[in-house]
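Chemist: So you can see what is in the structure, the chains are spelled out below.
There are 2 protein chains.
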Amino acid sequence: MIKRTIVTTEEHHMQRVKIAEIYHSMSSYDSKTITVAGWVRSIRDMKNFGFVTLNDGSCFKDLQVVMERESLHNYEEIAAQNVGAALIISGEVELTPDRAQPFELHAHTITVEGISEPDYPMQKKRASREFLRTQQHLRSRTNLFRAIFRVRSVAAFAIHSFFQERGFVYVHTPIITSSDAEGAGEMFKVTTFDLEHVPTKDGAVDYSQDFFSAPTSLTVSGQLEAENFAMSFGDVYTFGPTFRAENSNTRRHAAEFWMVEPEMAFCDLEGYMDVAEAMLKYVISYVMKTCPDEMAMFNSFVDKGLEERLQHVVSSDFARVSYTDAIDILKAAQKQGTTFKYPVEWGVDLQTEHERYLTEVHFKKPTFVCDYPAAIKAFYMRMNEDGKTVAAADCLVPGIGEIIGGSQREERLDKLTKRIHDLGMEPEQYKYYCDLRKYGTCHHAGFGLGFERLVMYLTGVDNIRDVLPHPRTVGNAEF
Amino acid sequence: MIKRTIVTTEEHHMQRVKIAEIYHSMSSYDSKTITVAGWVRSIRDMKNFGFVTLNDGSCFKDLQVVMERESLHNYEEIAAQNVGAALIISGEVELTPDRAQPFELHAHTITVEGISEPDYPMQKKRASREFLRTQQHLRSRTNLFRAIFRVRSVAAFAIHSFFQERGFVYVHTPIITSSDAEGAGEMFKVTTFDLEHVPTKDGAVDYSQDFFSAPTSLTVSGQLEAENFAMSFGDVYTFGPTFRAENSNTRRHAAEFWMVEPEMAFCDLEGYMDVAEAMLKYVISYVMKTCPDEMAMFNSFVDKGLEERLQHVVSSDFARVSYTDAIDILKAAQKQGTTFKYPVEWGVDLQTEHERYLTEVHFKKPTFVCDYPAAIKAFYMRMNEDGKTVAAADCLVPGIGEIIGGSQREERLDKLTKRIHDLGMEPEQYKYYCDLRKYGTCHHAGFGLGFERLVMYLTGVDNIRDVLPHPRTVGNAEF
Numbered sequence: 001m002i003k004r005t006i007v008t009t010e011e012h013h014m015q016r017v018k019i020a021e022i023y024h025s026m027s028s029y030d031s032k033t034i035t036v037a038g039w040v041r042s043i044r045d046m047k048n049f050g051f052v053t054l055n056d057g058s059c060f061k062d063l064q065v066v067m068e069r070e071s072l073h074n075y076e077e078i079a080a081q082n083v084g085a086a087l088i089i090s091g092e093v094e095l096t097p098d099r100a101q102p103f104e105l106h107a108h109t110i111t112v113e114g115i116s117e118p119d120y121p122m123q124k125k126r127a128s129r130e131f132l133r134t135q136q137h138l139r140s141r142t143n144l145f146r147a148i149f150r151v152r153s154v155a156a157f158a159i160h161s162f163f164q165e166r167g168f169v170y171v172h173t174p175i176i177t178s179s180d181a182e183g184a185g186e187m188f189k190v191t192t193f194d195l196e197h198v199p200t201k202d203g204a205v206d207y208s209q210d211f212f213s214a215p216t217s218l219t220v221s222g223q224l225e226a227e228n229f230a231m232s233f234g235d236v237y238t239f240g241p242t243f244r245a246e247n248s249n250t251r252r253h254a255a256e257f258w259m260v261e262p263e264m265a266f267c268d269l270e271g272y273m274d275v276a277e278a279m280l281k282y283v284i285s286y287v288m289k290t291c292p293d294e295m296a297m298f299n300s301f302v303d304k305g306l307e308e309r310l311q312h313v314v315s316s317d318f319a320r321v322s323y324t325d326a327i328d329i330l331k332a333a334q335k336q337g338t339t340f341k342y343p344v345e346w347g348v349d350l351q352t353e354h355e356r357y358l359t360e361v362h363f364k365k366p367t368f369v370c371d372y373p374a375a376i377k378a379f380y381m382r383m384n385e386d387g388k389t390v391a392a393a394d395c396l397v398p399g400i401g402e403i404i405g406g407s408q409r410e411e412r413l414d415k416l417t418k419r420i421h422d423l424g425m426e427p428e429q430y431k432y433y434c435d436l437r438k439y440g441t442c443h444h445a446g447f448g449l450g451f452e453r454l455v456m457y458l459t460g461v462d463n464i465r466d467v468l469p470h471p472r473t474v475g476n477a478e479f
Numbered sequence: 001m002i003k004r005t006i007v008t009t010e011e012h013h014m015q016r017v018k019i020a021e022i023y024h025s026m027s028s029y030d031s032k033t034i035t036v037a038g039w040v041r042s043i044r045d046m047k048n049f050g051f052v053t054l055n056d057g058s059c060f061k062d063l064q065v066v067m068e069r070e071s072l073h074n075y076e077e078i079a080a081q082n083v084g085a086a087l088i089i090s091g092e093v094e095l096t097p098d099r100a101q102p103f104e105l106h107a108h109t110i111t112v113e114g115i116s117e118p119d120y121p122m123q124k125k126r127a128s129r130e131f132l133r134t135q136q137h138l139r140s141r142t143n144l145f146r147a148i149f150r151v152r153s154v155a156a157f158a159i160h161s162f163f164q165e166r167g168f169v170y171v172h173t174p175i176i177t178s179s180d181a182e183g184a185g186e187m188f189k190v191t192t193f194d195l196e197h198v199p200t201k202d203g204a205v206d207y208s209q210d211f212f213s214a215p216t217s218l219t220v221s222g223q224l225e226a227e228n229f230a231m232s233f234g235d236v237y238t239f240g241p242t243f244r245a246e247n248s249n250t251r252r253h254a255a256e257f258w259m260v261e262p263e264m265a266f267c268d269l270e271g272y273m274d275v276a277e278a279m280l281k282y283v284i285s286y287v288m289k290t291c292p293d294e295m296a297m298f299n300s301f302v303d304k305g306l307e308e309r310l311q312h313v314v315s316s317d318f319a320r321v322s323y324t325d326a327i328d329i330l331k332a333a334q335k336q337g338t339t340f341k342y343p344v345e346w347g348v349d350l351q352t353e354h355e356r357y358l359t360e361v362h363f364k365k366p367t368f369v370c371d372y373p374a375a376i377k378a379f380y381m382r383m384n385e386d387g388k389t390v391a392a393a394d395c396l397v398p399g400i401g402e403i404i405g406g407s408q409r410e411e412r413l414d415k416l417t418k419r420i421h422d423l424g425m426e427p428e429q430y431k432y433y434c435d436l437r438k439y440g441t442c443h444h445a446g447f448g449l450g451f452e453r454l455v456m457y458l459t460g461v462d463n464i465r466d467v468l469p470h471p472r473t474v475g476n477a478e479f
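Chains as they are written, first to last, in the numbering used here: chain A, 1 to 479; chain B, 1 to 479.
Just so you know, these hints were derived from the structure itself, not from any lab.
One thing to keep in mind: the hints can contain errors.
Remember, identical chains collapse to one label, so a pair may be satisfied in a single copy or spanning two.
As the list claims (entries may be wrong) - DSSO-like cross-link-like pairs, simulated, lysine-lysine; straight-line CA separation at most 30 Å:
(1) LYS431 with LYS189
(2) LYS341 with LYS304
(3) LYS125 with LYS377
(4) LYS364 with LYS331
(5) LYS125 with LYS431
(6) LYS61 with LYS438
(7) LYS431 with LYS335
(8) LYS438 with LYS304
(9) LYS189 with LYS201
(10) LYS438 with LYS47
(11) LYS125 with LYS438
Model the full structure from these sequences, guided by the hints.
Modeler: Given below as structure tokens:
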């Protein structure tokens, strides 16, 4: 066997200690000789001694390393390294309870694992987020993006934990689809055709020659497929990428984003709202507990009131109001002098300005608006007894607007087929969906959470491009 | 507010009890009156009384319900229900330690929530897996598929837990990509063009008019993007869908499948093998502990030796052998009379027959084969000191063959650019990847686990179409 490097993972002979581990079990490392490996955040050369600030990505905090010219044979080499260089450092831990950082590492040996060339784009000076979007392969080395993407990871795990603890089954619904989940939303086409020579037959594209022998697209939602599984497992959820080919260039829209879509059998609209509220509180609590350093950074540098606001959400009940009452509230606000750009009238869809008034000004906390007019909602939502509203509810949160949309699903076959017919949709496309109503149908409900919007809400970051590892938007699929 | 149904989730007023909960806390339900909701597995009418077997998807086991003609006003209606009907049942729990099932529910009231039409395709008789592939929206109601998809969900969560417990950061690498991760693998094209009228300019497709202003495809691997994040977080992993547009119709290949791709900084080949081995053992243990009923069913009806084999994997060290030694073992087997269809010669890629001989006959356990000839491996794998092999290792398991492929990544800029050049690849496509070698490069390694192969290994199911909720293969994108 060929000889390997000595620096390996923790699992391999424990030769390397991660910085997070030292912070976690500080006293057990007192006066211990250890090896760490990471990247230089800064180097200060004080002539006879110097400091290296090292980060290994295992936690937000850095490690302060002290080196002495007298005892370090390659002191000059190390002192000359640039920000971003990879170093392997062996030395002794000294607890320093009286100083700014709780411990230091006194270096015995420092090896340069990889230099950082002088044109390194991530210098110490503050770079704009716009510039960093052109450096997506390097931007997670900054404090801001390291914090964002760790919170993203921790929030994703919190979502899985929440549902798995409650017995929900995780379903990987398909990405490539031959159906159009909502009859809405522009979709990306998927093909193996040579685009210069698309085969035709009788003047139309000959899809029998395409990979799937049918026109296919990227999914806009896994809901309809998730319902298949809710009708056998009871409670299920999806968590995967979804796509919209909309030519919109806003801070809140991306062409590729991740969605969480739970579906629950024998559950009504109140039940969905209970689960959604519990889920948001769980995720917020989990992230605040797991990422205190990251959250403190957001609170200081991104969004001053963030931590207080999130704490408030966790400890208070969400507001619940009917669409009809919400319209009355908005009209009353108009009478009191509030002006809205868009009209407020029973039957209109709520605009972001209306949503934000309700959740930020009126209720001052997350708010479910329920029982919307059927005309402005999707075909699968359950018709209420009044014959004009559907059992839908959107969850609005301060600073973001809509973060969750959900509904009871129409479980009555006759009402569902009538609606499909009235809207001029293709019944054949919904054959399987209707089958669920023929064989053991039941009251059920579900919702969709835009995961990026949740990460924005958790971090205070206001552009979706900054919470996606490599965002895809109009004209942008680089990296 | 509009009145809702009374049956809601557990979180809502605790009005409904899931069957899993009764099995979990049996004695606390003794003589309690509760409400359950689920679907009929079978009904037996014994004239004066009858039995309903109910499943609500919360666990593999059913609930036995006893109903009496005398006390149930709609006994006839219930006795006439078909398999698959949805019922809501209130009654009293009676522990029955002396009978086949540990408790029964004595029904006070039974409400038909949704009938099952007589043409229900999931009748009690055993349907073939081929037939069930035509009923993908209903097949998870069978014992087999309910078990498969629960194990899939639990295994997915085990993977997240394993990595999160070890401080790995979960990265959502992009699905739509403008690069070709491996220079191998046929890719699906993604476009918003009208395929009947693809715009051209100077005789070629005018991609400046497409959504991303560039040709884009569905990713075949998130590895290269994951490396971006490994160079800031140290340890990261992806878990998402990947795609191959290969026209192959085998039991082991699908066009859309899920991959787990960890990347670890300051890690060598041994380190990767340690992590991969620990991960497999963790997931197997977790699934066996969490899904004992499902595993027992697979062991009885799908793959007789399954549980013993998995137990053996958990408790023994994986074999590790160099490619060169593996070739010698195969040659020795040939001398002893074993015949292989494909030639065995240093330099050839190992075929499934070779892999299975090594892991099933020779080592009789999971086996890592390492240090393959450079010529048969990808450009990013680290060249060994011998100048002809690379630090790659594949993990082979009995019954499946390759389940994991991984390597140390070439971290030396000069060697990487030479290899890109030698293979005639486009250097411009790998600019960002090479940047990682300019700014703080370090030894690092990673691997890819085909998640469906893992589920096949865990369940003994031998066709990938039966472990994907809605499989996509050549000619199939329905459901």
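Chemist: State for each hint whether it applies.
Modeler: Going down the list of hints, with the structure as the test:
| no. | hint | result |
| --- | --- | --- |
| 1 | LYS431 with LYS189 | both (22 Å within a copy, 28 Å between copies) |
| 2 | LYS341 with LYS304 | within (28 Å within a copy, 68 Å between copies) |
| 3 | LYS125 with LYS377 | neither (48 Å within a copy, 41 Å between copies) |
| 4 | LYS364 with LYS331 | within (18 Å within a copy, 75 Å between copies) |
| 5 | LYS125 with LYS431 | between (59 Å within a copy, 24 Å between copies) |
| 6 | LYS61 with LYS438 | between (57 Å within a copy, 24 Å between copies) |
| 7 | LYS431 with LYS335 | neither (49 Å within a copy, 59 Å between copies) |
| 8 | LYS438 with LYS304 | neither (53 Å within a copy, 37 Å between copies) |
| 9 | LYS189 with LYS201 | both (19 Å within a copy, 21 Å between copies) |
| 10 | LYS438 with LYS47 | between (82 Å within a copy, 28 Å between copies) |
| 11 | LYS125 with LYS438 | between (64 Å within a copy, 20 Å between copies) |
Checked against the numbered hints given earlier, this structure breaks hints 3, 7 and 8; the rest are met.
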